[in-house]
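**Student:** Take a look at the letters that make up each chain.
2 protein chains.
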Amino acid sequence: MDAKLMECVPNFSEGRDLEKIDRIVAPFRGKPKVKLLDYQRDEDHNRLVVTVIGEPDALKICLLDAVAQAISLIDMRAHRGQHPRMGAVDVVPFVPIRNMSMAEAVDFSKQVGKELADRFSLPVFLYEASAANPARSNLADIRKGEFEKMPEKLTMDAWKPDFGPVAVHPTAGVTAVGARNPLVAFNVFLTTQDIAIARKIAKAVRHKDGGLRFCKAMGVAVEARRQVQVSMNMTDFSQTPLYRVLELIRAEAKRFGVTVSGSEIVGLVPMAALTNCAAYYLGLEHFSLAQVMETHLI
Amino acid sequence: MDAKLMECVPNFSEGRDLEKIDRIVAPFRGKPKVKLLDYQRDEDHNRLVVTVIGEPDALKICLLDAVAQAISLIDMRAHRGQHPRMGAVDVVPFVPIRNMSMAEAVDFSKQVGKELADRFSLPVFLYEASAANPARSNLADIRKGEFEKMPEKLTMDAWKPDFGPVAVHPTAGVTAVGARNPLVAFNVFLTTQDIAIARKIAKAVRHKDGGLRFCKAMGVAVEARRQVQVSMNMTDFSQTPLYRVLELIRAEAKRFGVTVSGSEIVGLVPMAALTNCAAYYLGLEHFSLAQVMETHLI
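In order, the protein sequence lines correspond to chains E and U. Residue numbering for the first sequence follows my numbering, beginning at 10 and increasing consecutively. Residue numbering for the second sequence follows my numbering, beginning at 10 and increasing consecutively.
Treat the hints with care, as some may be off.
Straight-line C-alpha distance at most 25 Å; calculated DSS-like pairs for lysine-lysine [to be verified]:
| hint | chain 1 | residue 1 | chain 2 | residue 2 |
| --- | --- | --- | --- | --- |
| 1 | E | K153 | E | K169 |
| 2 | U | K123 | E | K44 |
| 3 | E | K13 | U | K44 |
| 4 | E | K69 | E | K42 |
| 5 | E | K123 | E | K42 |
| 6 | U | K13 | E | K44 |
| 7 | E | K42 | U | K169 |
| 8 | E | K13 | U | K42 |
| 9 | E | K13 | E | K119 |
| 10 | E | K13 | U | K40 |
| 11 | U | K169 | U | K123 |
| 12 | E | K40 | U | K42 |
| 13 | E | K263 | E | K212 |
| 14 | E | K29 | E | K69 |
| 15 | U | K13 | E | K42 |
| 16 | U | K42 | E | K42 |
| 17 | U | K13 | E | K40 |
| 18 | E | K153 | E | K225 |
| 19 | U | K42 | E | K44 |
| 20 | E | K42 | U | K40 |
No lab work stands behind these hints, which were simulated from the structure alone.
Chain E with its partners taken away, still in its complex shape (with noise of 0.2 Å):
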C-alpha cells in the first residue's frame, strides 16, 4: 500500500511507423509493479507520448527497454514533423505520485539520466526541477535550435551536456531528463472565431506576461468548431488551480463581449487537480482528499 509510485511520460521521436511504435511501447506492457496508462501517436508531429505509471524501478527497467528499441529503431536524420525535438527519445519526465517526494523524483531521474547517457553514449540535459540551473528549467530553452543545431550548441560552455558525451549521438541526437509537477492540459472555448482574442486573453492569464504563476496559454483556431480557443498547460495545479484560471478567462473575455462556452481536458488529470475545483464550487468547508473513497483504494 505504500509503495512509492511515480508517472513516467516519455516522448519518442516516431509517429507514423506502426511497427516501429509497437517495439517502442512494447516493453511497458505486462510488466509487474508498472501500468501502460496511454500511448498517443501524431503523425503530423511525428512524434509518440507514452503515460505509464509504476514503482520507480520497475519504470526505469522498462524505460531503458523501449530507449534501447527507440534508439536501434529512430534515425534522427531522417526525421520531419512540426513538433519541436532534438533527439529519438527527445525528453523523459518523471512526475511524483505517491509516497514520494520532488526532492525524490528529481534525485531519481539524475540516476536514470545518467543511466542513460552511460548504456547509450547519449548527451543528457537535465531539466525542470532536475535542472542545475535556471537556463536549463525551461525545456524549450534546451531543446532550441533542435536536432540539426544540436552539434553546434553542445560546442558552447553553456550548454555542455550533465551526462554523457560532449557530443550528439549521430542518430538519436540528445535526450532531456526531469522531475516534474503533473502537468494539466486544459483548454476553454470562446463563443468567437477571433483569434486575436483568444491570444489577448491568452496573453492575461499566462504567467510570462504576468498572469498566474503556473499557468502557459496561447490562442488557437478551432476551425472545425468556428471558436477559438485558450489551450493551456496548468504545471501546478495545486498552486495554480483549474477554477482560478477559467474565472480569469470569464472576466477577461467580457470585456470582448465574449463569453466560454465550455472546456476540455486533454489527456489525463490527477484526481485532485478537478476534486479542489469541487471544493471551490460547492463551498465546501474543511474538504480533504482522505474523505474520497478511491484515495484509500489505491
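Position chain U against the provided structure of chain E, taking the given hints into account.
**Tutor:** Below, chain U without anything else, positioned relative to chain E:
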C-alpha cells in the same frame, strides 16, 4: 485488478462503551482483502457506524464475526439513544463499488441476510434495492416502532421477516440488510439563524415534497455557527448530482433574502460525486472518469 469490491456500512447499537466498541470493530482490522476505512461512534445516538470496503466473501467473514461480537455484547432491552433503532446490528447496507452490478450486490445481500438469520436466529428484513416489495424499501418504514414495538409488528402478515424466525431476538432485536447506492451526506449552510427558512428550503428540494428525486433533506440549527443548514442525504449522486441541489438551494434561498455561505460533506464521498461537479462548473466537454489518473491505480 478486476476483483469485485463492495463497501459495507454496518450500524451497531453501541456508542458509549469503548471496550465493547473495540471488540465489535476488531474483526474488520488487518484482514486480507478487507480495509477498515472509518468508524464513528456517537454517544447521544448510542450508535456505532463502521465503514469497511473489500471483496464480498472476505467482507462477509469479517461481518459475521463482528455481528457475533455485537450480539454477545449488546442487550437492546437496556439500550437508550436518540437515534431510532430496532436491533443490536441495526442495519447492514452493502454498496457495490467496483466490477459489481447492483443486481449482484442485491444477491449478495440476500445471502448475507440468510446467513445472519440462520446463524444467530435473527429476524432479517431486506431493504432498499434488496427489498421484496416497495413497502420494505425504505428503512424508516421497517424500523418504525423501534425495538420496543417489534414483537407486535412481527405478528402482522405485512411484517413477516424475509429470513429467520417470526420472533424478535430477545436481546438483539431485528436486523435490516440491503444493497443500496453510495450515499453522500451533504450539508449546505445558510446566512441566517432562522430554522424556519432552512426547513422551507429542505422541503423545496427533497423528493418527498416535490423536489429532486434522490435527495432527502431537513432543516437543522447549527448553534455554534449561529447559522442553519439544509442537511441532506443524496441517495444517488449519479442521477441527482450535488451541484444541482446546491444551485437549487441557492435559488430558493433568494426569496428569503438569504445566501449560501458554504457547505460540507460528512464522511466519505465517491470520487465521481465530486468530479461530476468539477465537470459541471468547469463546463468540461466529453469528460470521462477514465481521464482521472487515480482510476487506473485502484
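**Student:** Regarding the pair U/K123 and E/K44, is the alpha-carbon distance no greater than 25 Å?
**Tutor:** This hinted pair is violated, its Cα atoms lying about 41 Å apart.
**Student:** Decide if the proposed pair is consistent with the structure: E/K13 and U/K44, CA atoms, cutoff 25 Å inclusive.
**Tutor:** Within the cut-off at roughly 20 Å; holds.
**Student:** For the pair supplied as a hint, E/K123 and E/K42, confirm whether the alpha-carbon distance does not exceed 25 Å.
**Tutor:** 23 Å, holds
**Student:** Taking only the CA atoms, is the gap from U/K169 to U/K123 under or equal to 25 Å?
**Tutor:** Judged against 25 Å, a Cα distance of about 14 Å means the pair holds.
**Student:** For E/K42 and U/K40, compute the direct alpha-carbon distance and say whether it is at most 25 Å.
**Tutor:** With a Cα-Cα distance of about 23 Å, the restraint between E/K42 and U/K40 holds, given a limit of 25 Å.
**Student:** Is the straight-line distance between the alpha-carbon of E/K29 and that of E/K69 25 Å or less?
**Tutor:** 20 Å, holds
**Student:** Holds or violated: U/K42 and E/K44, Cα atoms, limit 25 Å.
**Tutor:** Holds. U/K42 to E/K44 sits at ~21 Å (cutoff 25 Å).
**Student:** Going straight from one Cα to the other, do E/K13 and U/K42 come out at no more than 25 Å?
**Tutor:** Roughly 21 Å between the alpha carbons, so the hint for E/K13 and U/K42 holds.
**Student:** Quickly compare the C-alpha distance for E/K40 and U/K42 to 25 Å and report which way the hint goes.
**Tutor:** Answer holds: E/K40 to U/K42 is near 23 Å, not above 25 Å.
**Student:** Does E/K212 lie within 25 Å of E/K263 when you go C-alpha to C-alpha?
**Tutor:** Between E/K263 and E/K212 the Cα gap is close to 15 Å, so the pair holds against 25 Å.
**Student:** Check the hint pairing E/K42 with U/K169 against an upper bound of 25 Å on the C-alpha distance.
**Tutor:** The hint is violated at about 52 Å.
**Student:** Under the criterion that the straight-line Cα-Cα distance not exceed 25 Å, is the pair E/K69, E/K42 satisfied?
**Tutor:** 11 Å, holds
Consistency with the previously given hints fails for numbers 2, 7, ordered from lowest to highest.
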